[in-house]
Amino acid sequence: DGGITQSPKYLFRKEGQNVTLSCEQNLNHDAMYWYRQDPGQGLRLIYYSQIVNDFQKGDIAEGYSVSREKKESFPLTVTSAQKNPTAFYLCASSRDETYEQYFGPGTRLTVT
Amino acid sequence: AQSVTQLDSQVPVFEEAPVELRCNYSSSVSVYLFWYVQYPNQGLQLLLKYLSGSTLVKGINGFEAEFNKSQTSFHLRKPSVHISDTAEYFCAVTLLMNSGGYQKVTFGTGTKLQVIP
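Same order as they appear, the protein sequences are chains U and C.
Note that the numbering used here has the first sequence beginning at -3, numbered continuously upward.
Note that the numbering used here has the second sequence beginning at 2, numbered continuously upward.
Read the hints as simulated data drawn from the structure, not as lab findings.
Do not rely on the hints blindly, as some may be mistaken.
[Claimed, not checked] Heads up, simulated DMTMM-like pairs for lysine to aspartate or glutamate below, C-alpha to C-alpha not over 25 Å straight-line: (1) C/70 with C/16; (2) C/50 with U/11; (3) C/50 with U/65; (4) C/50 with U/92; (5) U/5 with U/65; (6) C/105 with U/11; (7) U/67 with U/55; (8) U/10 with U/68; (9) U/10 with U/34; (10) C/105 with U/96; (11) C/59 with U/20; (12) C/113 with U/34; (13) C/105 with U/20; (14) C/70 with U/96; (15) C/50 with U/58; (16) U/5 with U/96; (17) C/105 with U/68; (18) C/59 with C/89; (19) C/59 with U/50; (20) C/105 with U/65; (21) C/113 with U/55; (22) C/105 with C/9; (23) C/113 with C/89; (24) U/66 with U/92; (25) U/66 with U/34; (26) C/105 with U/26; (27) U/79 with U/96; (28) U/5 with C/21; (29) C/105 with C/86; (30) U/79 with U/34; (31) U/66 with U/11; (32) C/70 with U/50; (33) C/113 with U/92; (34) C/113 with U/65; (35) U/53 with U/68; (36) U/5 with C/86; (37) C/105 with U/55; (38) C/105 with C/89; (39) C/59 with U/65.
Between the sequences and the hints, there should be enough to build the whole structure, so can you do that?
So this is what it looks like as structure tokens:
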């Protein structure tokens, strides 16, 4: 079955450590996205990529980095510069930016 | 910049009663409109979408939505809700610009539907 996988489901880190969240899709989609979700704030776009080896900052990119070396993969690194990294992170993909997005199950990151 | 407004952060409704979740967007150009559902600790799932054609759109799980261009609204409705409909619902909009381009999708802040037995 085609879909998006995110791993791990839960992740715990100490403050000051970088951490990388995995996102893989086998839907052959060109566009991929990373969102952060906090209670009562909906989805906020961190980074998005329309094609391999290209990506753009979203609304809250500070303290995050991404890469898009393969069409199937769009990992997100939460760096120590991110002041409040504890959140639920969602990865999504779509044929292009006008089409519906398909979401992964999410990764809940807790930094203490 | 485009924005999407979901007026109600929470909507409690009794089981088997009808429900309407409201969504308005700030634009006068062409749009693509979407409703997604999110169950606790899961990703979002597409309920329905409006790209063009009939303004009444039917989706999964008995939901439907009506695109109203004059009121810039895309309200989600279900005639009779079930306990299993308890979830958070997100409206999303993609603007199609007159220049031929488009702005990336914007999500509303979500409405939590609580179905009461």
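Tested hints:
Among the hinted pairs, residue 70 of chain C with residue 16 of chain C is inconsistent with the structure: their alpha-carbon atoms are about 31 Å apart, more than 25 Å. A threshold of 25 Å between alpha carbons decides the hint, and for residue 50 of chain C with residue 11 of chain U the separation of about 41 Å lies outside it, so the pair is violated. Under the criterion of a C-alpha separation no larger than 25 Å, the hint pairing residue 50 of chain C with residue 65 of chain U is inconsistent with the structure, at around 31 Å. For the proposed pair residue 50 of chain C and residue 92 of chain U, the alpha carbon gap of about 15 Å is at most 25 Å, so the pair holds.
Under the criterion of a C-alpha separation no larger than 25 Å, the hint pairing residue 5 of chain U with residue 65 of chain U is consistent with the structure, at around 23 Å. Restraint check: the Cα-Cα separation between residue 105 of chain C and residue 11 of chain U comes to about 33 Å, which exceeds 25 Å; the hinted pair is violated. Between residue 67 of chain U and residue 55 of chain U the alpha-carbon distance is near 23 Å, which keeps this suggested pair within the 25 Å criterion. This hinted pair does not check out: residue 10 of chain U and residue 68 of chain U have alpha carbons roughly 29 Å apart, beyond 25 Å.
The hinted pair formed by residue 10 of chain U and residue 34 of chain U meets the criterion: a straight-line CA distance of about 20 Å does not exceed 25 Å. Distance check on the hinted pair: residue 105 of chain C and residue 96 of chain U sit about 11 Å apart at the alpha-carbon level, within 25 Å; holds. For the given pair, residue 59 of chain C sits about 30 Å from residue 20 of chain U by alpha-carbon distance, which is inconsistent with the 25 Å threshold. For the given pair, residue 113 of chain C sits about 14 Å from residue 34 of chain U by alpha-carbon distance, which is consistent with the 25 Å threshold.
With a C-alpha separation of about 21 Å, the suggested pairing of residue 105 of chain C with residue 20 of chain U holds against the 25 Å cut-off. For the proposed pair residue 70 of chain C and residue 96 of chain U, the alpha carbon gap of about 20 Å is at most 25 Å, so the pair holds. Distance restraint check for residue 50 of chain C and residue 58 of chain U: the Cα-Cα separation of roughly 32 Å exceeds the 25 Å cut-off, and the hinted pair is therefore not satisfied. Of the pairs offered as hints, the one joining residue 5 of chain U and residue 96 of chain U holds, with about 23 Å between alpha carbons and a cut-off of 25 Å not exceeded.
For the suggested pair residue 105 of chain C and residue 68 of chain U, the alpha carbons sit about 20 Å apart, so the restraint of at most 25 Å is met. Straight-line distance between C-alpha atoms of residue 59 of chain C and residue 89 of chain C comes to about 19 Å, which keeps the hinted pair within the 25 Å bound. Between the alpha carbons of residue 59 of chain C and residue 50 of chain U the distance comes to roughly 36 Å, so the proposed pair goes past 25 Å and is violated. The suggested pairing of residue 105 of chain C with residue 65 of chain U holds, with an alpha-carbon distance near 22 Å, which does not exceed 25 Å.
Under the criterion of a C-alpha separation no larger than 25 Å, the hint pairing residue 113 of chain C with residue 55 of chain U is consistent with the structure, at around 24 Å. The suggested pairing of residue 105 of chain C with residue 9 of chain C holds, with an alpha-carbon distance near 24 Å, which does not exceed 25 Å. Taking the CA atoms of residue 113 of chain C and residue 89 of chain C, the gap is near 4 Å; set against the 25 Å cutoff, the hint holds. Proximity of residue 66 of chain U to residue 92 of chain U is assessed by CA-CA distance (about 16 Å); at most 25 Å being required, the pair is judged to hold.
As the CA atoms of residue 66 of chain U and residue 34 of chain U are separated by approximately 29 Å, the hinted pair breaks the 25 Å bound. Between residue 105 of chain C and residue 26 of chain U the CA atoms are separated by roughly 14 Å; this keeps the pair inside 25 Å, and the hint holds. For a cut-off of 25 Å, the pair hint linking residue 79 of chain U to residue 96 of chain U is broken: about 31 Å separates their Cα positions. Proximity of residue 5 of chain U to residue 21 of chain C is assessed by CA-CA distance (about 32 Å); at most 25 Å being required, the pair is judged violated.
Of the pairs offered as hints, the one joining residue 105 of chain C and residue 86 of chain C is violated, with about 28 Å between alpha carbons and a cut-off of 25 Å exceeded. For a cut-off of 25 Å, the pair hint linking residue 79 of chain U to residue 34 of chain U stands: about 14 Å separates their Cα positions. Note on residue 66 of chain U and residue 11 of chain U: the hinted pairing is violated, with a Cα-Cα distance of about 30 Å set against a maximum of 25 Å. A hinted pair counts as satisfied when its Cα atoms are at most 25 Å apart, and residue 70 of chain C with residue 50 of chain U does not qualify at roughly 35 Å.
Of the supplied pair hints, the one linking residue 113 of chain C and residue 92 of chain U is violated, its CA atoms being roughly 28 Å apart against a limit of 25 Å. Between residue 113 of chain C and residue 65 of chain U, the direct Cα distance comes to roughly 37 Å. Violation of the 25 Å bound is thereby established for this hinted pair. Taking the CA atoms of residue 53 of chain U and residue 68 of chain U, the gap is about 19 Å. The hint holds against a cut of 25 Å. The straight-line distance between the Cα atoms of residue 5 of chain U and residue 86 of chain C is roughly 24 Å, inside the 25 Å bound, and the hint therefore holds.
For the suggested pair residue 105 of chain C and residue 55 of chain U, the alpha carbons sit about 11 Å apart, so the restraint of at most 25 Å is met. For a cut-off of 25 Å, the pair hint linking residue 105 of chain C to residue 89 of chain C stands: about 22 Å separates their Cα positions. Restraint check for residue 59 of chain C and residue 65 of chain U: the C-alpha separation of about 38 Å exceeds 25 Å, so the hint is violated.
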